[in-house]
Amino acid sequence: MNHENPQFILFGIGFNPSNILMLFVTCLIVFLIAVASTRRLQMKPTGMQNFMEWVMDFVKGIIKNNMDWKTGGRFHVLGITLIMFVFVANMIGLPFAIVWDHQLWWKSPTADPVITLTLAATVVALTHYYGVKQLGMGKYLKSYFQPIPFLAPLKIIEEFANTLTLGLRLYGNIFAGEILIGLLATLGASSIFGLAGAVIPALAWLGFSVFIGAIQAFIFVMLTMVYMAHKVSTDH
Amino acid sequence: MLDTFVLLSANADAGFLASLNQRLNLGDIIVTVVFFTILMVLLKKFAWGPLMGVMDQRAQLIATEIEQAEASRQESAKLLEEQRVLLKEARESAQSIVENAKKQGDTQREELIMAARAEANRMKESATLEIATEKEKAVAAVREEFVSLSILAASKVLGKEISEEDNRALIEETIVKAGEGR
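Chains as they are written, first to last, in my numbering: chain L, 1 to 236; chain E, 237 to 418.
It should be emphasised that the hints constitute simulated quantities derived from the structure, not laboratory data.
Just so it is clear, the structure is predicted and the values come from calculations on it, not from any experiment.
Check the hints yourself; a few may be wrong.
[As the list claims (entries may be wrong)] Taking lysine-lysine and the DSSO-like style, the derived pairs with C-alpha atoms no more than 30 Å apart in a straight line are:
1) L/K60 / E/K281
2) E/K280 / L/K60
3) E/K324 / E/K338
4) L/K44 / E/K280
5) E/K280 / L/K64
6) L/K133 / E/K281
7) L/K44 / L/K155
8) L/K44 / E/K324
9) L/K70 / E/K314
10) L/K64 / E/K338
11) L/K139 / L/K70
[Claimed, not checked] Derived CB-CB ranges, DEER-like:
12) E/K281 / L/L154: 37 to 47 Å
13) L/A214 / E/R320: 28 to 38 Å
14) L/Q134 / E/K281: 19 to 29 Å
For each residue, glycine too, the CB sits at the ideal point set by N, CA and C.
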């Protein structure tokens, strides 16, 4: 498990090619799934179209739980893309990890805090953007002093805390899952007894990781919409 | 994180980016945002947009179908009511027709019976009359014959010619007496 991340520097900015690769693969898979399931759209849906429509309705339900559909409808595309992206990113590191020359190349992109925090920060930035857009700058700023003015510092801290918790929750769950899978795989590869001992926990943990990956994708989108509703709804 | 900031404060300007690169891949942030945005835009164009369109179309289709079903249901209820009224009218008129026919038949039968009875009476009376006349005639004829026979017989028995006038009166009187006796 003591491997490093590959890195190169371009224009004075550091890049992690492993992250780039995995992000690209994730995007590709999501895109292929989405496009393949919406190729032959029918009034009476069959097969993959059913699944995609279920995902859409699922995200729609999440949004409707948090806000009026009239204001929430514009976040539908964001929500579906986010849930598909995070779910596929969580799943992609489960079957195997590739370490090349002591450098970890194949893993979940969401097992990297930079990526999860970037997603979280993007989401929180979007909530502020739409908050200002929906309410106007005056109301948006005023919302920090409501309901009680002296809690304003806490409300500002809350924004940063939201970003951190949103990103680190996802990162922690997926990273921990991959660490344990890696440990079990190492144990299984060590000897015949190690294999015998590791096979059942590894299977159990893989199943659990699938569950966690799905749950985390759901939670990420759910919290995105909760934060969004906090900012854009007028009745608070 | 803390020693990053310590390091940053140490060589503030020159090594800022370089030292940050040691800790944080700024490029990953850019790549993540760019990739995610591209993915979202592409999916909106190629997958979510058309899918949402189809789902909206379906929702509209279902709404119109429901409306049409409601309309046709009302239409059929109206037609059913009309048919029911028509059927009721037809039944009533049929009943009245049957009653009329029955009534007409009754009167006709009465008339027929009356006519037949009158005819029979008339025929009976005429027959009686005829029989009476015939009888009268027959009696008269027999009487005449009898008279002439009696005269013949009497003239033969007496052997003498008496005035036929007297004889006749005498015999007729006798016959009348005999007829009363009979």
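* Hint check, failures only -> Violated hints: 7, 8, 9, 10 and 13; rest satisfied.
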